[in-house]
Amino acid sequence: QKEVEQNSGPLSVPEGAIASLNCTYSDRGSQSFFWYRQYSGKSPELIMSIYSNGDKEDGRFTAQLNKASQYVSLLIRDSQPSDSATYLCAVERENNDMRFGAGTRLTVKP
Amino acid sequence: SQTIHQWPATLVQPVGSPLSLECTVEGTSNPNLYWYRQAAGRGLQLLFYSVGIGQISSEVPQNLSASRPQDRQFILSSKKLLLSDSGFYLCAWSGTNEGNTIYFGEGSWLTVV
Numbered sequence: 001q002k003e004v005e006q007n008s009g010p011l012s013v014p015e016g017a018i019a020s021l022n023c024t025y026s027d028r029g030s031q032s033f034f035w036y037r038q039y040s041g042k043s044p045e046l047i048m049s050i051y052s053n054g055d056k057e058d059g060r061f062t063a064q065l066n067k068a069s070q071y072v073s074l075l076i077r078d079s080q081p082s083d084s085a086t087y088l089c090a091v092e093r094e095n096n097d098m099r100f101g102a103g104t105r106l107t108v109k110p
Numbered sequence: 111s112q113t114i115h116q117w118p119a120t121l122v123q124p125v126g127s128p129l130s131l132e133c134t135v136e137g138t139s140n141p142n143l144y145w146y147r148q149a150a151g152r153g154l155q156l157l158f159y160s161v162g163i164g165q166i167s168s169e170v171p172q173n174l175s176a177s178r179p180q181d182r183q184f185i186l187s188s189k190k191l192l193l194s195d196s197g198f199y200l201c202a203w204s205g206t207n208e209g210n211t212i213y214f215g216e217g218s219w220l221t222v223v
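First to last, the sequence lines map onto chains A and B. Sequential numbering of the first sequence, starting at 1, is according to the numbering used here. Sequential numbering of the second sequence, starting at 111, is according to the numbering used here.
Everything labelled a hint here was simulated from the structure, so no lab data went into it. C-beta: ideal position from N, C-alpha, C; glycine also. Among the clues, some could well be false.
[Said to hold, decoys possible] Once the Cα atoms are required to be at most 30 Å apart in a straight line, the calculated DSBU-like pairs of lysine-lysine come out as: (1) B:LYS190 / A:LYS42; (2) A:LYS42 / B:LYS189; (3) A:LYS2 / A:LYS56.
[Said to hold, decoys possible] Pairwise CB distance ranges (calculated): (4) A:GLU3 / B:PRO124: 34 to 40 Å; (5) A:SER40 / B:SER127: 26 to 32 Å; (6) B:SER187 / A:LYS109: 39 to 45 Å.
Required output: the full structure, derived from the provided sequences and hints.
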């Protein structure tokens, strides 16, 4: 089992729709969770972090965490073509070691 | 504010040639520093991390090495490149004040031919 798993996609949604990106992790002691966006040929940039169970909203983005299910997700509301990118889930394990998923490629069609 | 820079942005090197990628962080002190590699269509692979000057931990044994000669400088090197070393190399930093969030540099594209 991979430490951080994401569906590689591609995930395709129409402009204005909600995009839902999912991530599961194996280390039950993980405490911190991050979502990064990576445009093709560029470095990853932080979108948001989440540390507690529940939802955290930042503009059009909502991160959801369920530690019991070892599941973290990212919702993008009112998706725009500029949201088309690969989204990386990152999990900080109990020993402060950060692990990244392979990413989900999102395409938002006009 | 903190910034991170790495260079060169792109390089094409022949097999067997040496490599040096440099990275500097500004606006913070005693950062944790990282080198990652991202092969085409694959996830991020942690190569090296450093918690202080001269303190380097290697995640994957290979023909690459890293050094941290100054607090905010991190260098990735190789004496002889292999074709399999091609990829996107990312320097990154984190600090305790930022909740261990990792921030990436612009990346360096390496093609070994």
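Quick rundown of the hints versus the structure:
1. For the given pair, LYS190 (chain B) sits about 26 Å from LYS42 (chain A) by alpha-carbon distance, which is consistent with the 30 Å threshold.
2. Proximity of LYS42 (chain A) to LYS189 (chain B) is assessed by CA-CA distance (about 27 Å); at most 30 Å being required, the pair is judged to hold.
3. Restraint check for LYS2 (chain A) and LYS56 (chain A): the C-alpha separation of about 26 Å stays at or below 30 Å, so the hint holds.
4. In this structure the supplied range 34 to 40 Å holds for GLU3 (chain A) paired with PRO124 (chain B), their Cβ-Cβ distance being about 35 Å.
5. Taking the beta carbon of each, SER40 (chain A) and SER127 (chain B) are about 27 Å apart, inside 26 to 32 Å as hinted.
6. The supplied range of 39 to 45 Å is met by SER187 (chain B) and LYS109 (chain A), whose beta-carbon atoms lie about 44 Å from each other.
The structure is consistent with each of the numbered hints, conforming to all of them.
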